[in-house]
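*Asks:* Read off the chains here:
There are 2 protein chains.
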Amino acid sequence: MAIKHALPVAREADFAAWYQAVITEADMAEESGVRGCMVIRPWGYGIWERIQRLLDDRIKATGHENCYFPVFIPLSYFEKEAEHVEGFAKEMAVVTHHRLISDGKGGLVPDPSAKLEEPLVVRPTSETVIGAAFARWIQSWRDLPVLINQWANVVRWEMRTRMFLRTSEFLWQEGHTAHASVAEAQEETRRMLEVYRSFSEDVVAMPVVAGEKPENERFPGAVETWSIEAMMQDGKALQAGTSHFLGTNFASSQNIRFQNAEGQFELANTTSWGMSTRMIGGLIMTHGDDDGLRVPPRLAPWQVVIVPMLRDAPEDEAIVAYCKALQADLAGRSAFGEPVRALLDLKSAKSTAKRWAWVKKGAPVVIEVGGRDVAGGNLSVIRRDRLYRDDGKVDSRVVPRDGFGAGVAELLADIQSSLHIEARHRMEAGIRRDVTDMAGLERAFEGEKPGWVEVQWSRPTGAALDAVVERLKALKLTIRNTPIDAAAVDGACLFTGQPAVERIVVARAY
Amino acid sequence: MAIKHALPVAREADFAAWYQAVITEADMAEESGVRGCMVIRPWGYGIWERIQRLLDDRIKATGHENCYFPVFIPLSYFEKEAEHVEGFAKEMAVVTHHRLISDGKGGLVPDPSAKLEEPLVVRPTSETVIGAAFARWIQSWRDLPVLINQWANVVRWEMRTRMFLRTSEFLWQEGHTAHASVAEAQEETRRMLEVYRSFSEDVVAMPVVAGEKPENERFPGAVETWSIEAMMQDGKALQAGTSHFLGTNFASSQNIRFQNAEGQFELANTTSWGMSTRMIGGLIMTHGDDDGLRVPPRLAPWQVVIVPMLRDAPEDEAIVAYCKALQADLAGRSAFGEPVRALLDLKSAKSTAKRWAWVKKGAPVVIEVGGRDVAGGNLSVIRRDRLYRDDGKVDSRVVPRDGFGAGVAELLADIQSSLHIEARHRMEAGIRRDVTDMAGLERAFEGEKPGWVEVQWSRPTGAALDAVVERLKALKLTIRNTPIDAAAVDGACLFTGQPAVERIVVARAY
Chain B
0 MAIKHALPVA READFAAWYQ AVITEADMAE ESGVRGCMVI RPWGYGIWER
50 IQRLLDDRIK ATGHENCYFP VFIPLSYFEK EAEHVEGFAK EMAVVTHHRL
100 ISDGKGGLVP DPSAKLEEPL VVRPTSETVI GAAFARWIQS WRDLPVLINQ
150 WANVVRWEMR TRMFLRTSEF LWQEGHTAHA SVAEAQEETR RMLEVYRSFS
200 EDVVAMPVVA GEKPENERFP GAVETWSIEA MMQDGKALQA GTSHFLGTNF
250 ASSQNIRFQN AEGQFELANT TSWGMSTRMI GGLIMTHGDD DGLRVPPRLA
300 PWQVVIVPML RDAPEDEAIV AYCKALQADL AGRSAFGEPV RALLDLKSAK
350 STAKRWAWVK KGAPVVIEVG GRDVAGGNLS VIRRDRLYRD DGKVDSRVVP
400 RDGFGAGVAE LLADIQSSLH IEARHRMEAG IRRDVTDMAG LERAFEGEKP
450 GWVEVQWSRP TGAALDAVVE RLKALKLTIR NTPIDAAAVD GACLFTGQPA
500 VERIVVARAY
Chain A
0 MAIKHALPVA READFAAWYQ AVITEADMAE ESGVRGCMVI RPWGYGIWER
50 IQRLLDDRIK ATGHENCYFP VFIPLSYFEK EAEHVEGFAK EMAVVTHHRL
100 ISDGKGGLVP DPSAKLEEPL VVRPTSETVI GAAFARWIQS WRDLPVLINQ
150 WANVVRWEMR TRMFLRTSEF LWQEGHTAHA SVAEAQEETR RMLEVYRSFS
200 EDVVAMPVVA GEKPENERFP GAVETWSIEA MMQDGKALQA GTSHFLGTNF
250 ASSQNIRFQN AEGQFELANT TSWGMSTRMI GGLIMTHGDD DGLRVPPRLA
300 PWQVVIVPML RDAPEDEAIV AYCKALQADL AGRSAFGEPV RALLDLKSAK
350 STAKRWAWVK KGAPVVIEVG GRDVAGGNLS VIRRDRLYRD DGKVDSRVVP
400 RDGFGAGVAE LLADIQSSLH IEARHRMEAG IRRDVTDMAG LERAFEGEKP
450 GWVEVQWSRP TGAALDAVVE RLKALKLTIR NTPIDAAAVD GACLFTGQPA
500 VERIVVARAY
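Read top to bottom, the protein sequences are chains B and A.
Just so we're aligned: the first sequence equals residues 0 to 509 in numbering that gives the first Met the number 0.
Just so we're aligned: the second sequence equals residues 0 to 509 in numbering that gives the first Met the number 0.
Please keep in mind that the hints were generated in silico from the structure rather than gathered at the bench.
Do not take every clue at face value.
Because identical chains share one entry, a pair is satisfied inside a single copy or across any pair of copies.
[Unchecked claim] Here are the computed lysine-lysine pairs in the PhoX-like style, where the Cα-Cα straight-line distance is at most 20 angstroms: (1) K3 - K79; (2) K349 - K114; (3) K472 - K349; (4) K89 - K59; (5) K104 - K89; (6) K79 - K104; (7) K114 - K59; (8) K392 - K59; (9) K104 - K349; (10) K472 - K323; (11) K59 - K323; (12) K59 - K346; (13) K3 - K392; (14) K346 - K448; (15) K448 - K79; (16) K346 - K475; (17) K114 - K472; (18) K475 - K235; (19) K472 - K104.
Computed from a predicted structure; not experimentally measured.
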């Protein structure tokens, strides 16, 4: 039987339109009327708050403290960077005035008499202003390491925007650290990459490949850039987090020096690392289906939603009481080490409308309670990760009320795990490792959902690397990273014919 | 014996300089190099994170959901407001360009070819953009109430800034709600005022007077503005939170309409309410002393700090092990319904320097552990709220290690309560209620730390109110609010001689 799905468009039909439909139908976000900026609605923002809290716990557990730096950065701070850093991006929002004045025609204009002496830039990242603070804070080896993080909004003027994936304003965390030695800074870079990797796998249930970016994909000024890359359902790669070892490059331009134990002055080694609201785009394209979003239980603002099936009848009262007792029971229990987040949805709407609203939002468990359930001491339970039966009907299962609460932690853990396993199987099935020449690479990306290809190469640099990048670009491909856990190499580089030294992932990407 | 205090300046000597000294010495915040914007350092930001989490819990418990709206607001959104709202503030940061370009002399300038067609304003508040969203979201009475909140940075260009109290950029939460009826919106306004009042008292340990602002102090466009006012140690008032009933004023200019159950269109009634990083300024001026800050345990990023007294001797190892066991014991316990936040300070610094650093930061409990403590199974415990003995020496008490963990929740609760009681006594002693004429009012504010005066008045409006405001202004006084729990009136208005209808608080203010 053909299933009539909840979304107006299917993934197979038009992936980009499907993505937008999920965002709209799941009440994730909407256009704001401000170019490239979105309004993040409660369900979308609730997921972001969960990401924040769980990632923040991990950032603090690894010894970092949160700070807050100004949203405005004086233009002069960027001049040094622009001079020294190739690839420095200049698309930034610039504040030039500090007052509005009437234009005499009922409108407002920037007041010419309130022009700033030095324009201010709305932070695209806080690298420069935090570097200046590090230079003030760090004098001696005793002051090191400095391990800080900031949760903030940042702005990068984007010409083509897409909700969550590329917006002019986005929310993120940016970690910045300074260390006495190269080894310690490299260890920090890898530690935070591992935090991102395990967070994506364990919390977002989104499998990723962690590895080092090739030279041409490094953050401008970085000595090493590492990333986690996730495979979306259309086969494209999404870079979901990066961790940079900056060596002494930034310390040198920002004068971050310390006196070592021997009394000599040295430049500090710094790192930076970030994850953003882009992760929500990754979550949608990893777990969404043709009925909307499916949120992994650890990230769901509401893990269990209870929908009473009311009929404006006398028995309604008993149904609501039964639901309230269930909600209280669940909220008093714990899953993943936190109280269960259970909502009783008492809004004035039809219960079928509520069911489908929560299905589209992707609440992991929806429980419907009607008069028959109350009479029988039962619940009608829908698992969002297994929405349909084999016959195409919604798989709503009548289960005894007794024992449901005691089993809810296990149920949620099972859903978390099943989403993760499903995504991991898809990613693993989507990576080809048998391509050995350019013709094969070209063929591998001919289909509709080409997936990724892992090949071995000689890690060329300079002009030789540029040549590889250009050949890939012609196929709309990029090198994502060198997976940490890739197999050993054996044979020649696919691009240069020279002996291969490592394996890399090649893919189309967001 | 004269005590030599930890700060370079005492409250009595120069309150403003003392305030700045606390901020510096407690590592709360520092100048950023950007006019009017501060860097909030880990200890200051840690307190803000505690405020956020505990206030957010209360905001959610009263049914609100968090959203996120853009940092930029198109200039045209303000034109309507500027037309209709008297007192509309025009000091805002205006973005006019979206790209930087080289000036050919090694510098950068806004790119003239990247001038925005419509300038963007960095949000001073999100009233207009949220109002526009409400107009999209609300169609029917079924959509009401809409109860949302946002945590964000906002910018108001300030000429004279002071850390935490008045900065060009600050952090806050802004709640915005829409309701079907006046009564419901008024109830919401008062509910959130009560959230702020109880949060200030119970969490910040900062006593406040909650009440309605007089007409001249209302938020532009509001029908009612309510506030909580706290008394600082110099006797001045600090407005620490406001809650506004906006009637249909904003709904009317932003077209927020709904179809009622009878099918007729009505304007919604809206509210808004906010609390900001200003609260940290209030915390400092309420609880700080001449040795630095004293943070109420519920807000302290670290409630108990353990300082091992090491001597580069073999016994150091045993001391550190003893301290680690203590830290683990405390971290496994609960206070105020949360895990105890206990830090073992292993930084390379002298233990006396650490003691005083934590005293200045105001950690509620500092525990020093030396060889003698380990040998005797003891701890040397300093309570920050009772730092000195009667003889002027630091009150470090040797207590048995056994039983300390079991009593830590009670100890922290006692410190929380003692700070609250101390502040409450000071506020109550600082409010005079015996002033009945202008001469008396003038005399009441002649001293150094004049406190507040509560008087009765006839609640004049229009020109009569203006006259009162002017007379007060000449004395550098303002009307703070009409306390909710003020005594009944009896007699004449101090200003107009007409029959009094209510009591108001008059004070100097930040």
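*Asks:* Now tell me if each hint is right for this structure.
*Replies:* Quick rundown of the hints versus the structure:
In this assembly of identical chains, the alpha carbons of K3 and K79 never lie at most 20 angstroms apart, being 58 angstroms within a copy and 46 angstroms across copies at closest. In this assembly of identical chains, the alpha carbons of K349 and K114 never lie at most 20 angstroms apart, being 56 angstroms within a copy and 50 angstroms across copies at closest. In this assembly of identical chains, K472 and K349 lie within 20 angstroms of each other by CA distance neither inside one copy nor across copies; the values are 52 angstroms within and 58 angstroms between. Neither within a single protomer nor between protomers do K89 and K59 lie at most 20 angstroms apart by alpha-carbon distance, with minima of 33 angstroms and 40 angstroms respectively.
Taking the shortest Cα distances, K104 and K89 sit within 20 angstroms of each other only across copies (16 angstroms), while inside one copy they are farther apart (35 angstroms). For the homomeric pair K79 and K104, the shortest alpha-carbon distance between copies (12 angstroms) is at most 20 angstroms, but the shortest distance inside one copy (42 angstroms) is not. For a Cα distance limit of 20 angstroms, the shortest separation of K114 from K59 qualifies neither inside one copy, at 41 angstroms, nor across copies, at 41 angstroms. For the homomeric pair K392 and K59, neither the shortest alpha-carbon distance inside one copy (46 angstroms) nor that between copies (36 angstroms) is at most 20 angstroms.
Taking the shortest Cα distances, K104 and K349 never come within 20 angstroms of each other, neither inside one copy (50 angstroms) nor across copies (67 angstroms). Taking the shortest Cα distances, K472 and K323 never come within 20 angstroms of each other, neither inside one copy (58 angstroms) nor across copies (55 angstroms). Only between protomers do K59 and K323 lie at most 20 angstroms apart by alpha-carbon distance; the minimum there is 18 angstroms, versus 36 angstroms within a single protomer. Taking CA atoms no more than 20 angstroms apart as the test, K59 paired with K346 passes between copies only; the shortest distance there is 17 angstroms, against 38 angstroms inside one copy.
For a Cα distance limit of 20 angstroms, the shortest separation of K3 from K392 inside one copy, 10 angstroms, qualifies, whereas the shortest one across copies, 79 angstroms, does not. Taking the shortest alpha-carbon separations for K346 and K448, neither the intra-copy value of 41 angstroms nor the inter-copy value of 53 angstroms comes in at or below 20 angstroms. Within a single copy, K448 and K79 get their C-alpha atoms no closer than 44 angstroms, and across copies no closer than 50 angstroms, so neither meets the 20 angstroms cut-off. In this assembly of identical chains, the alpha carbons of K346 and K475 never lie at most 20 angstroms apart, being 48 angstroms within a copy and 51 angstroms across copies at closest.
In the homo-oligomer, the alpha carbons of K114 and K472 never lie at most 20 angstroms apart, since the shortest distance is 44 angstroms inside one protomer and 32 angstroms across protomers. Taking identical chains as interchangeable, the C-alpha atoms of K475 and K235 lie at most 20 angstroms apart only when both belong to the same chain, with a minimum of 11 angstroms there against 65 angstroms between chains. Neither within a single protomer nor between protomers do K472 and K104 lie at most 20 angstroms apart by alpha-carbon distance, with minima of 52 angstroms and 35 angstroms respectively.
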